[in-house]
Amino acid sequence: MVKYTLCMREHFYVFLPVVCFVWQIAMIILFGVFVRYDEESDAHWSEHKREKNITSDIENDFYYRYPSFQDVHVMIFVGFGFLMTFLKRYSFGGVGFNFLIAAFGLQWALLMQGWFHALDPADGQIKIGIENIINADFCVAGCLIAYGALLGKVSPVQLMVLTLFGIPLFAVEEYIILHVLHVRDAGGSMVIHTFGAYYGLTISWILYRPKLDQSKRLNGSGYHSDVFAMIGTLFLWMFWPSFNSAISDHGDGQHRAAINTYLALASSVLTTFAISSLSAKRGKLDMVHIQNATLAGGVAMGTAAEFMITPYGSLIVGFCCGIISTFGYLVITPFMEKYMKIQDTCGVHNLHAMPGVLGAVVGAITAATASESVYGHEGLVNTFDFKGKYAERTPATQGGFQAAGLCVALAFGIVGGAIVGFILRLPVWGDPSDDNCFDDEVYWEVPEDEESIPPILEYNSHMVGKYADRM
Amino acid sequence: MVKYTLCMREHFYVFLPVVCFVWQIAMIILFGVFVRYDEESDAHWSEHKREKNITSDIENDFYYRYPSFQDVHVMIFVGFGFLMTFLKRYSFGGVGFNFLIAAFGLQWALLMQGWFHALDPADGQIKIGIENIINADFCVAGCLIAYGALLGKVSPVQLMVLTLFGIPLFAVEEYIILHVLHVRDAGGSMVIHTFGAYYGLTISWILYRPKLDQSKRLNGSGYHSDVFAMIGTLFLWMFWPSFNSAISDHGDGQHRAAINTYLALASSVLTTFAISSLSAKRGKLDMVHIQNATLAGGVAMGTAAEFMITPYGSLIVGFCCGIISTFGYLVITPFMEKYMKIQDTCGVHNLHAMPGVLGAVVGAITAATASESVYGHEGLVNTFDFKGKYAERTPATQGGFQAAGLCVALAFGIVGGAIVGFILRLPVWGDPSDDNCFDDEVYWEVPEDEESIPPILEYNSHMVGKYADRM
Amino acid sequence: MVKYTLCMREHFYVFLPVVCFVWQIAMIILFGVFVRYDEESDAHWSEHKREKNITSDIENDFYYRYPSFQDVHVMIFVGFGFLMTFLKRYSFGGVGFNFLIAAFGLQWALLMQGWFHALDPADGQIKIGIENIINADFCVAGCLIAYGALLGKVSPVQLMVLTLFGIPLFAVEEYIILHVLHVRDAGGSMVIHTFGAYYGLTISWILYRPKLDQSKRLNGSGYHSDVFAMIGTLFLWMFWPSFNSAISDHGDGQHRAAINTYLALASSVLTTFAISSLSAKRGKLDMVHIQNATLAGGVAMGTAAEFMITPYGSLIVGFCCGIISTFGYLVITPFMEKYMKIQDTCGVHNLHAMPGVLGAVVGAITAATASESVYGHEGLVNTFDFKGKYAERTPATQGGFQAAGLCVALAFGIVGGAIVGFILRLPVWGDPSDDNCFDDEVYWEVPEDEESIPPILEYNSHMVGKYADRM
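Residue numbers (the UniProt record's numbering), protein chains in the order written: chain P, 1 to 471; chain A, 1 to 471; chain S, 1 to 471.
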């Protein structure tokens, strides 16, 4: 049966090299035409500094944001990557394909986001600095969330296509939400999580595999793969305060965003443990919940983290999210699989979709109820950027626009996912057969297991691996 | 036998959810009443900045401490968490319960430490900023150290109770040492390590299990669990300079604390390897030593890191600690278990107690011998905070107070541990039976092992897992 | 046969403890004589600050470089350490010996580099601060790269000797390149990677083992050890922008170096996946390539990262390196082993040597073509440090010196490696026999495997471990 699958793939196996090569060359050409350093990363900085009366090198935005950038970078590559190693025989695919599509996606995102947000009108070029590369990582996160819904069921080429379309969808959606609607969403509850999750879920729905239980022997975790996944969980959990504060305002904005996220996450952990233990026979805890639902508080603080939501407000958000998310794993994911034909490998609906929507609602309410007595006049103007043509906008109006932003994110996720889903359904991408999902053997050279090291003197070739017959 | 244990637990299995829920709700209420943003994380920062003539956002304390905070955060969750995954079948419990109690503890610590250190007399509220959340992480570290002594032998509810009492004990002890005695202990040799270790060891002594060897088949490491534990070791080791410098003085204080800790840790590594190799037959190295004793230099620099202990002074401290700590694993831990009835799973006596006491002594000596010729007048005043009502204190007196601080830490650890130990001995907490210690099966849904994936065509249900009979 | 090896080692097994002790004591003495804090980490900083009219503590170099330092530190200990855990039964040695030699090397490097770069002429002492400890980590990296070529084939004492000689070789080479030739190499394409790789390869050539295939059963990865190695890969990959920007110029220099490295690395990932897939039967990906060649872009940007190489220039460098490096694993490593008698366990020739040389060439070309129109006058002077006695140097000349720097790095690597190789060939170091290479059993107490936990009631001693007969 393995043999059959591999034969089926045989015709397509040059796809991945071709896609990687051609797209990377395209990136180089487009970067050559469009991308340059911004004034803070250009060697003319010393002149620029003098012009603007900047007295110290430490005023370079690099020093405000670089530590957060590195934390975000760890979340994207180790956080998402290792969170997806939980399947007992798909750890290579989890961390490896995450690596591939993130590395492609961030280049593509620099271009797409650059055209929408960082185009220098003087020369038509994109000027990049530290904030752009953080935003590129954010943009990639949307596609990695979508990957979570599809883990183990798609080929790397399909993932590249998912990313190719996902990045521009993200960039347009982000442009509409942040610039046209002037919505605040520094940590991306809407822009990143809601969009990414519905994008992936819609694709998963279209790629529904009725016979997926032919692979069910592999659709589960192992003892060590669960510990590997905890690496991902913890790096996401620990660095989420950096995620939500990375591009918020200098000074109190970043400071407050970090504290609020820190608190919401802590609160999520307790309610996740509570619901997980309550739901199982004999009160046993389930690693799937601990690996995922503990993070829901970070997702849900994506919009409101920089607002004056108060410390206890953050705890309440985390409290609710831990419950909702764990409940999702217990009830909603099986329901969706059975009745809605949506197979969601990592449960992104529970970790990103629901907490993302909740975060958007929390953000809208917090914005709508903002007042000068709480923020101070300057604080209100700075936090919501009520400047220029938005100088007259009131918090209540802002709340309405925040809610509108959520609708845009949902629409882009679902409609975009439907279109891309149909493209990915074409029978040309070399996806695994139903009985070979969740199996690294299909796309990777998998070593024989270490258990099979024979004693020195008894070494002979037919004992090398218990998987030998499968290769 | 497993069945028996699980039955015994059956009556208690709603404890964990109830504890998590009720305590989290209590946190929310208490935060609602007491906790607000401080002036640097509040939206009024721009007004505050103008009042205080602060010219740049980068002067916000966030930018001085956030990178160190994130490193400390990694130490708490990945460092301590993965260090405790070394047992072959208790990795879930090691990293998972560490996650739970740290997430609860940091909230509780914000309150308890806030009441003692950050209460705004104007409105009776706790104002939190970056320094408070670092301190909360520090406070949690004390309880996680105590967990190390108890690893595998207690239930999660017991750990929550240990944390519930440990945090206020810590906060009071810290208040007495740092504020009443005006002792310097930026990295917490006394406040964190000595207290935490004796707190855990005393509890372990009271919870002594004479028949623990019924679980000895599980009380050991596996090849992969030892590698997982090295993740914890290395993140603790690498980020310890941030731990000891996180809340020390801006400028040279943080700079010097990081360098001293960096050097002491390097020195510990060499003596640990030396003693480990020397002690074993055929010079073989023992992973337990490498995972733990290499960190002793960081513990022992907790007090003196910000002092002018000189680079070679730091190396000497690390040198001694590596020897003492490894020696502890070889001789003292078995002795304590056999003759003193103290079962210390992770050897916290060797990693935290002895180096912590040594660090306090080193700190006292270094303080007592401080002079204006070495520090400069201003440097001496800044380093030891000889200001206000302490303006007249001399280095020699300071040395005496430092020594007194150690006694306070010991007293709180031992007396507090005794009280909490008796509480935890009540037969209501659902702890594992003697033959089920160190086993994740008791509290977690453990997947069948990955080795048991049967070949595709031979799949049948009775082969699923070698642990099937144990579940 | 194991027994034989261990007997052979018996005479030497006190070597490691003696080396660790004596060298650590030597470090303490030398530090006592030579090493002090610099003005930014000394308690006199507040006076120094006033003298120099520094207005804020945040101007302390600590705040410019500490986040990058911690990232570099992670690369050295977790990055290199875990990258070398890929062998199925040499994970302890990979991460453990890496830990040992890095901890020794950084102390030794502070001294050696101090004598060449940080000697205070006023009192003949080395004044250390944050930049020195970053440089010490860099210096250590050279020796760790060399270890990569020798992984599994040498004893820990041999590694200590390799480090003992490697550090001074590095310091002299660095002095000639950076100071005598006034070459720019902030990320060390030449100084670190080229030198380190040829140093290790030359040693490996001299230590050639014709019968190494007696250990071939162990010279391969396992499923989990491959995932562990990905931890190393990703932390190297993510933090490489910090590596290349850690000691470059404040402001735009660090900013640009980080962006360029970020882009080159992303580009390497795609071409690595492409070549890996293209080369294998049925398009399967090989973990060895993904773990290593994806990093080549970072190596190759070591020299040019702070130059105005442009974003697309960085992508082109990464593009080429991914191809060259993967190609190296496919063709050159087997060729070198078969025809040149160089056994290169980790493939450092592909990951460090070739990309390092390429990086040096790219750096020379970029420097030679630098112009005031691109950099601005001040930018050119700052970037290439055309100050003092180098005020008259032109970019074209600089390009020539850059090329000369490469020759120096090659010469030091090869000649130094030859000398040290002959020393390491003496039959006194307790290296493993040909049939015991790549085996942790030789130097470590290895636990029985976790798979062998017997069911509770059937426990009996002869079942403990399948490796019992080998110990």
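Calculated from the structure, these hints are not laboratory results. Careful, some of the hints might be misleading.
No copy is singled out in the list; a pair is fine if it fits within one copy or between any two copies.
Below, in silico cross-link-like pairs of lysine-lysine (DSS-like), each with a Cα-Cα straight-line distance of 27 Å or less [said to hold, decoys possible]:
| # | residue 1 | residue 2 |
| --- | --- | --- |
| 1 | Lys387 | Lys49 |
| 2 | Lys216 | Lys341 |
| 3 | Lys211 | Lys389 |
| 4 | Lys284 | Lys216 |
| 5 | Lys49 | Lys127 |
| 6 | Lys216 | Lys389 |
| 7 | Lys52 | Lys387 |
| 8 | Lys211 | Lys284 |
| 9 | Lys338 | Lys52 |
| 10 | Lys52 | Lys127 |
| 11 | Lys338 | Lys284 |
| 12 | Lys211 | Lys341 |
| 13 | Lys52 | Lys389 |
| 14 | Lys52 | Lys341 |
| 15 | Lys387 | Lys127 |
In this text the structure is predicted, and so the values were computed from the model without any measurement.
Next on the checklist: Name the hints, by number, that the structure is in violation of.
Outcome noted: Violated hints: 3, 6, 9, 14; rest satisfied.
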